[in-house]
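The lines below spell out each chain.
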Amino acid sequence: MKEIMMPQKDSDIISECNVGTVENCCPGSV
Amino acid sequence: MAQKLSASQYNLVYREGEENIVFNTLTQGMMLLEDDYVQLMHQPEQLSPEVRERMETYGFIVKTEEEEQKMVASYQRAKHNHRSVGITVELTNACNFNCKYCYQPHEKRYLSKDSADQISNWIEARLNDGVNEVRIHWFGGEPLLNIETAYYLHNRLMALKTRYTFDYLSTMTTNGYLVDRYYASHLKHMAIAQYDITVDGIAPHHNFSRPLVSGEATFDKVIANVKHLLDSGERVNMRYNVNRLNADVTPFMTYLKEEELLGKVRLHFHRTTQFDASEEVDKFYFSTLEAYSEALKGIYEQMLANGLKLPRYASGGTNCKFDCVQQFLVNTDLELVRCTSTEPNEGSVLGRIEQGEVVPNQAVVNAKIAYTPFGKEKCIGCKVLPFCKGGCHLLQQIGEDACIPEKHFIEAYVRMLYKEATTGVSVNA
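If you read the protein sequences in the order shown, they are chains A and B.
In terms of the working numbering, the first sequence is residues 314 to 343.
In terms of the working numbering, the second sequence is residues 89 to 517.
Rather than coming from a laboratory, the hints here were simulated on the basis of the structure.
There's no promise every hint is true.
[Unchecked claim] Examples of chain B residues toward chain A, derived with CB under 10 Å:
| no. | residue |
| --- | --- |
| 1 | Ile109 |
| 2 | Cys480 |
| 3 | Glu494 |
Heads up, the beta-carbon is just placed ideally off N, CA and C, and yes, glycines get one too.
Go ahead and model the full structure; you've got the sequences and the hints to work with.
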């Protein structure tokens with residue numbers, strides 16, 4: 314049993330919501 | 089009564105030598121596990137308390153009813169975060185470029201300083217409502233064609249900071265061509281945390297899809313300006329719109345390495361979409377998601393081979409920031425539009441700023457609030473639902489598929505993440 318990647322933290326994710334991440338299904342190309 | 093534990097529906101298990109890579113798409117935790125442990129994930133009561141606790145931390149075993157609830161709760165928490173407001177400011181819809189795929193009509197409208205005052209007044213009203221975080225994204229058209237108004241609004245917001253306590257962050261999407269003209273006089277004073285600049289590959293590819301309105305090439309000047317920003321200590325996110333001509337990114341990676349840019353810029357690869365306003369170009373756009381997925385898989389392999397960190401999805405929150413209730417694009421007419429990927433129309437305009445207050449289009453606002461991406465029939469049982477979170481409201485409104493490319497090469501993607509984690513050589517700004 315070997316830990317490879319730590320789980321993401323929910324608190325990190327909420328702030329991500331506000332800094333302009335673009336998801337891979339967003340249609341807009343600029 | 090304690091809830092029953094079971095294996096997560098978002099576990100992915102792939103053979104790796106004598107062991108197994110176990111990756112959970114909801115937590116994005118990964119372990120290498122022996123066969124016995126993989127089997128015992130389905131009988132968690134037989135695990136030792138220590139191992140069970142680790143597996144719960146990684147999300148491999150879960151309280152069955154809670155797993156779905158956690159994802160929905162995280163989505164709702166981000167969506168209804170009323171303490172944060174995010175405004176994408178369309179400074180103009182004019183542009184000095186004539187990109188093949190552009191979806192915007194360039195009618196040469198400019199946000200006026202009076203309108204900037206109204207935006208500032210509206211933000212002040214929101215600060216009085218308890219907002220403590222303001223995010224501004226400068227956008228166009230080409231925002232540098234109206235940099236004076238951006239600078240004016242920035243200074244208005246900084247004046248608010250002397251009277252209110254709030255966290256402020258701004259970013260900008262620019263084609264990069266005019267950065268040298270305005271950096272010293274304006275940009276460096278505007279505390280822009282990240283510049284999003286599109287470079288569609290090496291010079292022939294970029295100049296083909298992103299020429300000036302006059303038809304002249306733009307590559308050399310954009311690259312020079314990217315270097316100028318980096319040398320000034322700024323952060324650059326290089327967007328690369330992938331089409332069928334530039335999908336092999338090998339020459340671009342070589343170029344970045346030669347120019348000592350690799351690892352200094354963030355790279356973001358994005359599918360080039362053909363819109364009504366886009367130019368018809370032969371053998372340019374990907375016709376299917378599957379075809380694009382194949383190309384993206386090759387790009388990720390190139391990233392890994394060049395020691396770059398692979399893109400990761402946020403494993404909570406909303407699919408897109410524009411699904412958050414307090415996120416808008418404000419256009420030059422002071423309309424609040426749902427996002428940057430849609431033109432203002434009866435389904436996308438959430439309201440209008442008048443005298444520093446929003447007059448809402450209540451039906452559109454209600455539709456945005458009511459939208460939930462979960463529970464769609466086609467998503468039931470899909471392992472990558474925590475990545476795409478069911479897609480955004482826009483795609484649902486226009487009836488487009490919201491599936492993500494990684495769905496079509498998820499095993500290869502997980503194996504690449506494993507390789508990245510275990511070789512530990514990744515760099516990316």
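Evaluated hints:
no.: 1; hint: Ile109; result: 8 Å, holds
no.: 2; hint: Cys480; result: 7 Å, holds
no.: 3; hint: Glu494; result: 7 Å, holds
Against the hints set out earlier in the document, no violation occurs for any number.
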